[in-house]
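Number of protein chains: 2
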Amino acid sequence: MQIKLIPVAAVCDPKALLGTTAVVFDVLRATSTIVTALAAGYRRVYPVAQASAAVALARRHGFVLSGERGGEKIEGFPHGNSPLEFAGGPGTGSSVLVITTSNGTGAIRRAASASPVLIGSLLNARAVARAALEQGQDISLVCAGTGGLFSLEDILGAGFVLLEILQQLNPGGGEGKSPEGPAMDDLAITACGLARLYHNDPLAGLYAGQHGQRLLKLGREEDLRWCAGLNRFDIAPVFTGEYITLVPDNNG
Amino acid sequence: MQIKLIPVAAVCDPKALLGTTAVVFDVLRATSTIVTALAAGYRRVYPVAQASAAVALARRHGFVLSGERGGEKIEGFPHGNSPLEFAGGPGTGSSVLVITTSNGTGAIRRAASASPVLIGSLLNARAVARAALEQGQDISLVCAGTGGLFSLEDILGAGFVLLEILQQLNPGGGEGKSPEGPAMDDLAITACGLARLYHNDPLAGLYAGQHGQRLLKLGREEDLRWCAGLNRFDIAPVFTGEYITLVPDNNG
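Order-wise, the sequence lines are chains A and B. Counted from 1, the first sequence has number 136 at position 133 by our numbering; the numbering is strictly sequential. Counted from 1, the second sequence has number 34 at position 31 by our numbering; the numbering is strictly sequential.
Hints listed in this document are in silico derivations from the structure and should not be mistaken for laboratory results. Treat each hint with caution, since some may be false.
No distinction is drawn between identical chains; accordingly, a pair holds when it is met within one copy or between any pair of copies.
To be verified - Capping the alpha-carbon separation at 20 Å, the derived lysine to any residue pairs in SDA-like fashion look like this:
hint: 1; residue 1: LYS220; residue 2: GLN170
hint: 2; residue 1: LYS18; residue 2: GLY151
hint: 3; residue 1: LYS18; residue 2: PHE236
hint: 4; residue 1: LYS18; residue 2: SER55
hint: 5; residue 1: LYS7; residue 2: GLN216
hint: 6; residue 1: LYS18; residue 2: SER98
hint: 7; residue 1: LYS7; residue 2: GLY151
hint: 8; residue 1: LYS76; residue 2: ASP141
hint: 9; residue 1: LYS7; residue 2: GLY96
hint: 10; residue 1: LYS7; residue 2: ASP204
hint: 11; residue 1: LYS7; residue 2: LEU152
hint: 12; residue 1: LYS220; residue 2: PRO185
hint: 13; residue 1: LYS76; residue 2: GLU225
hint: 14; residue 1: LYS220; residue 2: ALA186
hint: 15; residue 1: LYS7; residue 2: TYR246
hint: 16; residue 1: LYS7; residue 2: ARG217
hint: 17; residue 1: LYS220; residue 2: LEU136
hint: 18; residue 1: LYS76; residue 2: ALA52
hint: 19; residue 1: LYS220; residue 2: GLY150
hint: 20; residue 1: LYS7; residue 2: ARG235
hint: 21; residue 1: LYS220; residue 2: SER116
hint: 22; residue 1: LYS220; residue 2: GLY74
hint: 23; residue 1: LYS220; residue 2: SER98
hint: 24; residue 1: LYS7; residue 2: THR248
hint: 25; residue 1: LYS18; residue 2: ASN234
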């Protein structure tokens, strides 16, 4: 098995993902928010790249609308991109969420030449590692990045999933050095190293990058604390090409 | 001061380096070999991208010729790219070396829109950090990569230089979190993390990447051990645009 890490989804060649299982990361905050919403009871999340298309989709069906640009809620949108806004579940409202964000929603759509496309974060690292391994294919770890640039927190998220993959392949330890360990590219190995460095304090890893620092300045410290909750949820969301769900065969 | 890390020199925009001090890394092995040769008494090293041009230059002047492709000595060349071949100094032969390698020599030439261009490795991390800081400019850490791809050992080399830079800026500790610390991009922050992870065992870092593993298979374990010698030499070689030397103003 080969595992490769794509540091910036916006500049990845979709052909490179063919025949692989993708796990997409926008740790601060789109994929953490999507995982949180689905864990809390939302049934579907539609990732939409354009804000206007998100508004139209939500209005047409009465779905919940959320949108973020540059770390802040899009003006006029009822919800932004904080996982805490969705942690309480849908309540009596619609259980379908439409989300448009600066980097993450585009990254999920760009990963769609892979099959399946799983949604990764620190929150569900172990579950998504298990789901990826169950596919028995090569694995592409697709990082959203920030503004077309390498983003530390996405690499860190990929690293935590990699540590879980290595652990599940080789429960006795040995860190993938056993003969049956996966072949990882140097970016994947670097991600593992970063996850080992921050293993006892994932929040420090989220604080370390530029985007984490920007969110702190915007007053989103509680979001970072939430997103650092390693293995909080035992779910592996799948992007069907249209929406993200826990039960892709359910038409309800 | 801004510090950015360019992960693969071959795809970097030369304009991004204008007005900055560059430090170039091809840790396995071109820049480690160049640093070793200059520390051992070679006066100049000419980095040449094309093998035929290297042969012509060495023949014309009676210089020492070395060349490597894919980790192995170029057939017919008297020397390959092992630092151990040059650690004994030039002896009674020419004290000028011509070197052509798969990735490193091209990376050095691509960095030439920066000024100055320094040659970095684990062997001279502290000295090159000091020399870069003395310039008082923004710093570009230019990694050669391997075959156009991200290469762990170059990021690690850049990380060791960054740790020295942070230490020299803030000798009391605090890891650059003081107000006067440099602004680093997320790749530079990742490189720091990797260097922290391998600080007590740099050799393990060189073993971790794919290129290190390939060199091990080619029987170059002693090269890796040599290249892992953190701060073995107190020199900061400069690329003049033509050759690399310790004394760029010396016309001899």
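Structure-based check of all given hints:
In this assembly of identical chains, the alpha carbons of LYS220 and GLN170 never lie at most 20 Å apart, being 36 Å within a copy and 26 Å across copies at closest. Within a single copy, LYS18 and GLY151 get their C-alpha atoms as close as 19 Å, and across copies as close as 18 Å, so both meet the 20 Å cut-off. Taking the closest pair of Cα atoms, LYS18 and PHE236 never come within 20 Å of each other, the shortest separation being 31 Å inside a single copy and 45 Å across copies. Taking the shortest alpha-carbon separations for LYS18 and SER55, neither the intra-copy value of 28 Å nor the inter-copy value of 36 Å comes in at or below 20 Å.
In this assembly of identical chains, the alpha carbons of LYS7 and GLN216 lie at most 20 Å apart only when taken from different copies (17 Å versus 27 Å within one copy). When the C-alpha separation of LYS18 and SER98 is checked against a cutoff of 20 Å, the pair qualifies neither within a copy, at 34 Å, nor between copies, at 49 Å. Taking the closest pair of Cα atoms, LYS7 and GLY151 come within 20 Å of each other both inside a single copy (19 Å) and across two copies (15 Å). Neither within a single protomer nor between protomers do LYS76 and ASP141 lie at most 20 Å apart by alpha-carbon distance, with minima of 36 Å and 34 Å respectively.
For the homomeric pair LYS7 and GLY96, neither the shortest alpha-carbon distance inside one copy (40 Å) nor that between copies (46 Å) is at most 20 Å. Within a single copy, LYS7 and ASP204 get their C-alpha atoms no closer than 25 Å, and across copies no closer than 25 Å, so neither meets the 20 Å cut-off. When the C-alpha separation of LYS7 and LEU152 is checked against a cutoff of 20 Å, the pair qualifies both within a copy, at 18 Å, and between copies, at 12 Å. Taking the closest pair of Cα atoms, LYS220 and PRO185 come within 20 Å of each other only across two copies (18 Å); inside a single copy the shortest separation is 39 Å, beyond that limit.
For the identical chains of this complex, LYS76 and GLU225 are intra-copy neighbours only, at 16 Å inside a copy versus 55 Å across copies, given an alpha-carbon limit of 20 Å. Proximity of LYS220 to ALA186 under the C-alpha cut-off of 20 Å is restricted to the inter-copy arrangement: shortest distance 15 Å between copies versus 39 Å within a copy. When the C-alpha separation of LYS7 and TYR246 is checked against a cutoff of 20 Å, the pair qualifies neither within a copy, at 25 Å, nor between copies, at 37 Å. In the homo-oligomer, the alpha carbons of LYS7 and ARG217 lie at most 20 Å apart only across protomers (18 Å), although the nearest pairing inside one protomer, at 28 Å, exceeds that limit.
For the homomeric pair LYS220 and LEU136, neither the shortest alpha-carbon distance inside one copy (38 Å) nor that between copies (29 Å) is at most 20 Å. In this homomeric assembly, LYS76 and ALA52 come within 20 Å of each other (Cα to Cα) only inside a single copy, at 15 Å, whereas the closest approach across copies is 50 Å. Taking the closest pair of Cα atoms, LYS220 and GLY150 come within 20 Å of each other only inside a single copy of the chain (18 Å); across copies the shortest separation is 39 Å, beyond that limit. In this homomeric assembly, LYS7 and ARG235 never come within 20 Å of each other (Cα to Cα): the closest approach is 25 Å inside a single copy and 34 Å across copies.
Taking the shortest alpha-carbon separations for LYS220 and SER116, neither the intra-copy value of 36 Å nor the inter-copy value of 35 Å comes in at or below 20 Å. Taking the shortest alpha-carbon separations for LYS220 and GLY74, only the intra-copy value of 10 Å comes in at or below 20 Å, while the best inter-copy value is 47 Å. With identical chains, the CA atoms of LYS220 and SER98 are never at most 20 Å apart, being 32 Å at best within one copy and 55 Å at best between copies. In this assembly of identical chains, the alpha carbons of LYS7 and THR248 never lie at most 20 Å apart, being 25 Å within a copy and 38 Å across copies at closest.
Proximity of LYS18 to ASN234 under the C-alpha cut-off of 20 Å is found in neither arrangement, the shortest distances being 31 Å within a copy and 43 Å between copies.
Hint check: violations occur at hints 1, 3, 4, 6, 8, 9, 10, 15, 17, 20, 21, 23, 24 and 25; the rest are consistent with the structure.
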